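Number of protein chains: 2
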Amino acid sequence: MSLPIELVPLATVVGGRVENGDDRWAEVEAEIVLADHVPDGALVGLEAFSHLEVIVLLDRAVDPGHSEAERRPRGIAELDPVGVLAQRHKDRIGRIGLSRCELISVAPRSVSVRGLDAIDQTPVLDMKPWFAAFGPRGDVREPAWVSVVTRDYF
Amino acid sequence: MSLPIELVPLATVVGGRVENGDDRWAEVEAEIVLADHVPDGALVGLEAFSHLEVIVLLDRAVDPGHSEAERRPRGIAELDPVGVLAQRHKDRIGRIGLSRCELISVAPRSVSVRGLDAIDQTPVLDMKPWFAAFGPRGDVREPAWVSVVTRDYF
Chain A
143 MSLPIELVPL
153 ATVVGGRVEN
163 GDDRWAEVEA
173 EIVLADHVPD
183 GALVGLEAFS
193 HLEVIVLLDR
203 AVDPGHSEAE
213 RRPRGIAELD
223 PVGVLAQRHK
233 DRIGRIGLSR
243 CELISVAPRS
253 VSVRGLDAID
263 QTPVLDMKPW
273 FAAFGPRGDV
283 REPAWVSVVT
293 RDYF
Chain B
143 MSLPIELVPL
153 ATVVGGRVEN
163 GDDRWAEVEA
173 EIVLADHVPD
183 GALVGLEAFS
193 HLEVIVLLDR
203 AVDPGHSEAE
213 RRPRGIAELD
223 PVGVLAQRHK
233 DRIGRIGLSR
243 CELISVAPRS
253 VSVRGLDAID
263 QTPVLDMKPW
273 FAAFGPRGDV
283 REPAWVSVVT
293 RDYF
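Keeping their order, the protein sequence lines are chains A and B. Counting from 143, one number per residue, gives the positions in the first sequence under the working numbering. Counting from 143, one number per residue, gives the positions in the second sequence under the working numbering.
Any given hint could turn out to be false.
If chains are identical, the list can't say which one is meant, so a pair holds when it fits in one copy or spans any two.
Claimed, not checked - Mimicking DMTMM-like on lysine to aspartate or glutamate, the simulated pairs with C-alpha atoms at most 25 Å apart in a straight line are:
| # | residue 1 | residue 2 |
| --- | --- | --- |
| 1 | K232 | E148 |
| 2 | K232 | D178 |
| 3 | K232 | E195 |
| 4 | K232 | E244 |
| 5 | K232 | D164 |
| 6 | K232 | E189 |
| 7 | K232 | D182 |
Source of the hints: derived by calculation from the structure; they are not laboratory data. Note that the coordinates shown come from a computational prediction; the quantities given were computed from them, not determined experimentally.
I would like the entire structure built from these sequences, with the hints used as guidance.
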């Protein structure tokens, strides 16, 4: 299936950074404010969780489309090129971002969060509480370049 | 922002279950097959990772829209109602699903995975390698009902 689908963002990131930066997101605080079509009560019980997963449209990133299949992580000359779907760079096909952040507090129609790497006015496609049982199962393995690009991210 | 946005799925789940089931996803195997518009090479280097995060459109789930703000997890009468955005039920506003799964092998235009809780022909909006450093930071806390609904999920 490659027909376009239509999605209505259910919230917006408000506050935090107004320009992107590659690093040091851990202390950035922002609000996730619900869109009008989301019913009151949708956040009831969310305060019992410590962390959220947030799926956003990275609307100010660049979608490379067909034009770029591989790229050196962060453009670092010493690293081998890696496929665009084998890394997490924001300039990606479809421009969907996914992050975990800390939940600070919950209001009836907004959530305060810390460490969400999405800038002010970013559309939020979905948010889900983090379930420990839904983390990766079994031993985790990743290539060495990941520690280079994530070193100062949070 | 609540204008609809258009997204083109970049892959499709092929195989695995053809009907939904709430539990025992751990051993389900399926392929994630790239859409034609994704360039060759997009998966280069992915085989160095043990786990993927997969964002899907749950196209056979029911979007409750405005009609339901809270719901008892899995309909269990003993549990208190919880907001639709404070749980991970598939019948959710926007119908976006998010899972971690094990990566079995990578072919030029497809990935074999184990434990992906999405049925055959589910559109894939994005996939990202799991970075250990991007997991939840700090102590994780979740309410007791989560262990009830996740007990046999994987």
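A quick look at each hint next to the structure:
In the homo-oligomer, the alpha carbons of K232 and E148 lie at most 25 Å apart both inside one protomer (21 Å) and across protomers (18 Å), since each shortest distance falls under that limit. Proximity of K232 to D178 under the C-alpha cut-off of 25 Å is restricted to the inter-copy arrangement: shortest distance 21 Å between copies versus 27 Å within a copy. Taking the shortest Cα distances, K232 and E195 sit within 25 Å of each other both inside one copy (16 Å) and across copies (15 Å). Taking the shortest Cα distances, K232 and E244 sit within 25 Å of each other both inside one copy (21 Å) and across copies (23 Å).
In this assembly of identical chains, the alpha carbons of K232 and D164 lie at most 25 Å apart only when taken from the same copy (10 Å versus 32 Å across copies). In this homomeric assembly, K232 and E189 come within 25 Å of each other (Cα to Cα) only across copies, at 20 Å, whereas the closest approach inside a single copy is 29 Å. For the homomeric pair K232 and D182, the shortest alpha-carbon distance between copies (19 Å) is at most 25 Å, but the shortest distance inside one copy (32 Å) is not.
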